[in-house]
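Once you've looked at the hints, go ahead and assemble the two chains, each given alone in its own frame, into the complex.
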Amino acid sequence: MTAPIIQVRDVVLRYGDFTALDRVSLDVFEGEVIVVCGPSGSGKSTLLRCLNGLETFQEGEVIVDGENVATCRNLPALRRRIGMVFQHFELYPHMTVLQNLTLAPIKAQGLPRAEAERLAMDYLTRVGIADQAGKYPGLLSGGQQQRAAIARALTLQPRLMLFDEPTSALDPEMIFEVLQVMKNLAVLGMTMVVVTHEMGFAQEVADRVVFMDRGAVIETAPSAEFFASPKTPRARAFLKRILRIG
Amino acid sequence: MQYNLTFSMLLTAPYLGWIADGVLTTLHLALLSWSVALLLGLAVGIARVSSNRALRLFGTFYVELFRNVPLLVQLFLWFYVVPEFLPSETARWWNRLDEVPYWTAVIGIAFYTSSRLAEQIRAALGAIPKGQFEAALSTGLTKLQMYRHVIIPYAGRIMIPAITSEFLTVFKNTALALTISVVEISATARKIEAWSFKGIEAYTVASATYMLTTLAVILVMTMLERRLAIPGLIRWGS
Chain A
412 MTAPIIQVRD VVLRYGDFTA LDRVSLDVFE GEVIVVCGPS GSGKSTLLRC LNGLETFQEG
472 EVIVDGENVA TCRNLPALRR RIGMVFQHFE LYPHMTVLQN LTLAPIKAQG LPRAEAERLA
532 MDYLTRVGIA DQAGKYPGLL SGGQQQRAAI ARALTLQPRL MLFDEPTSAL DPEMIFEVLQ
592 VMKNLAVLGM TMVVVTHEMG FAQEVADRVV FMDRGAVIET APSAEFFASP KTPRARAFLK
652 RILRIG
Chain B
42 MQYNLTFSML LTAPYLGWIA DGVLTTLHLA LLSWSVALLL GLAVGIARVS SNRALRLFGT
102 FYVELFRNVP LLVQLFLWFY VVPEFLPSET ARWWNRLDEV PYWTAVIGIA FYTSSRLAEQ
162 IRAALGAIPK GQFEAALSTG LTKLQMYRHV IIPYAGRIMI PAITSEFLTV FKNTALALTI
222 SVVEISATAR KIEAWSFKGI EAYTVASATY MLTTLAVILV MTMLERRLAI PGLIRWGS
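These protein sequence lines map, in sequence, to chains A and B. All the letters of the first sequence, read from the start, carry residue numbers 412 to 657 under my numbering. All the letters of the second sequence, read from the start, carry residue numbers 42 to 279 under my numbering.
Only chain B is shown next, with the shape it has when bound in the complex (with noise of 0.2 Å):
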């Protein structure tokens, strides 16, 4: 069987403006589910750890739920399964809107990843001594003044090789997100193939993609670790 690579074909049209739409479309997806997944995961992080304990139930109950199904599971309950349970006027609202499997594919994994940066946030939590809580008490600030500008800060240092994974982890899960035709690089890839039949070449691009998106990521992440390694405690090498 002869098979002739051709990358060129690549940079010709439509194929050129379906790759650009593709690793964008994988980009934004990625960071917006993630800013989402962050937010909601220190919300519950936090709640894990409350002194109140439902708060705590809630905590653990969210973690659970969402990090024992599996992502692909959770994007067709989503997609196929909830809107049904809507009331019929936000049912007709949500069906109405432009990119409803888009929007379900940002729903989807911000909520199962942010079960996951959870635990983490819980665990980073967890490390923290716990005079630095009554240190900042003692002073006079508030609860909130105390996570905000003393714990947080402190979790997020010893947090960032944690996080880092959880980050690059997004960007691959990304992909399922063609099963509910999102249009991101590995549905493009799959429809380039289809149109073309060069799958090598196209998977190759939907690969590279990743590969280069999340070493950006590391080399990002990696940077700011060093920056923002605390002196005296959290050590570079040895």
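With the rest of the complex left out, here is chain A (with noise of 0.2 Å):
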């Protein structure tokens, strides 16, 4: 078997007086999706961005593509190859969504204009929308917006994507193109780390389920499994919550 993409290895951080990760473990295979579930402040977000050195932590190791985070000498090279995707989409205001796109392929990969442009409009065809590339973010819906989102960070053509509650702050007929998208990423076999509460996503596309709670991973499991008999209590809780059942 080969070495996992991302292995986190006893993770401790803090703010101050308050752990937000209490000694997180966890390993990603290639090509698997996994969905990181927890109630709000458990620590998923935090987990993520210390997966791309946007958050550094006191004790333990991540190591990702086989480039340790922490000590990384060339963080810019090894965030080229992670996508990350934001609750807030943020794409850049002042740029037409092409811009978006084409920024960091041109000046931190080195592509010609023409062939990241290329690139750039291939990704926003196969996120369905390719005819709003000249246009400013502020003049697109949300759930446009974060496609656009996406497919900025798929322009990098990246080893592996993360998403930070990417449907939060959607409205709900908005949710189901942007996971249509994921869907569609999973099922070429992208490697994918999904925060997020939307747990038919979970479901149906996630091989495993990582459950947080109070900055530490309480369960992991493959995703039939948690969702039909969660293994601790907080698991159950937490689902009978989300799912509004019994």
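These are computed hints drawn from the structure, not numbers from a lab. Quick caveat: nothing in here was measured; it's all calculated off a predicted structure. Just so it is clear, CB atoms sit at the ideal spot from N, CA and C, and this is done for glycine as well. Wrong hints could be hidden among the right ones.
Examples of chain B residues lying across from chain A (beta carbon under 8 Å, computed) [unchecked claim]:
id	residue
1	PHE48
2	SER49
3	GLU175
4	LEU178
5	ILE271
6	LEU274
Structure (structure tokens):
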């Protein structure tokens, strides 16, 4: 078996007295789709942000695609291999959608503009908004913006993708179109770590579910197993609340 | 008392030449000071929001130093006091320069203005969502590239109204340079009055110079603001 593409070992992250991550460990293998869920404030997003060095932790180690994130001397180069999608899209509002997609490929990867634009249009087509390429993000719907943000991350042709609550800021009717794009990505074999409250997505797409609470990983289980019979009382309580059953 | 307004006198020698020189001096003094101030202000503004504590402290010190002493006093300090502390070689080189008062005025106005600009820049940077910084970094841009391509162009658009008003202030502040013997348009007006006793005419020209240049600046900046307005983010009118 090949080594995991993401290895998180006993990571501890504190903000002052508050422990945001409490000895978190996690392995993710290539092609896997992992859904991280748990109550708000449980450290899901923080964990995700440790994976590409947006957050610095005090103990433990994170190895992504063979590189130790904490000691990595060239974080920008590593980050180019890790796509990230944010809750609030974070498209650059002063650039057109196309410019949003080509900025990093041109400036960080050194691709020629024509090549970057060809690639960008290709991904915009895949997420179904090629016709919006010349528009500014502020003129797009939330769902379109998030799809553009996904395309921006993909244009770097990353080895894995991180999603930080990608549908939490969207109207219900737009959640569907974004999840559809993510499902297609999963089908194509992209390694994905998804922080989300969309349990339908988790059940349908995720290989494994990681349940976190108060900064710790409480339970990791294959998706079907997790939803059929969560082992821990806390996971059971969480599922009960979020699925509004029982 | 009878006073005959004779503006036509201003179109004769030597007054016309003096006015032309004065207007030009005011314009390039303001533009040069402004350019230097913008560069310094940008650096200090970014230092003030830096994650590096020493840089932040330096930024705060710089801003409080230059914005809390009146510009007039700062000009006197640069002109009379600072040269005393220069090493003798440097002092000699400085004193031999052709336009010592002019360069002193540029330095004084630029530092003063940069401290005010740094605050505007800091506020604009603070108004940009944290996620924009993170998004840029997450795509593998370096910090420098992030500022150059994402943050500064974004902040610049937010800042245009504040920057415009600082720009206007610079034009008006150049009048203080007359106290260290820079012959800009206000000094020229005094000179014309001294020669001709035509004070009303002379100061009208000086006032008109400031009015017209600042109105031109407002016009240009308003056009720029409309042109650069971020669609869907910054609205024009309501």
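We went through each hint and held it up to the structure:
{"no.": "1", "hint": "PHE48", "in the structure": "violated, 47 Å"}
{"no.": "2", "hint": "SER49", "in the structure": "violated, 51 Å"}
{"no.": "3", "hint": "GLU175", "in the structure": "holds, 5 Å"}
{"no.": "4", "hint": "LEU178", "in the structure": "holds, 7 Å"}
{"no.": "5", "hint": "ILE271", "in the structure": "holds, 5 Å"}
{"no.": "6", "hint": "LEU274", "in the structure": "holds, 5 Å"}
Violated hints for the displayed structure, listed by number in ascending order: 1, 2.
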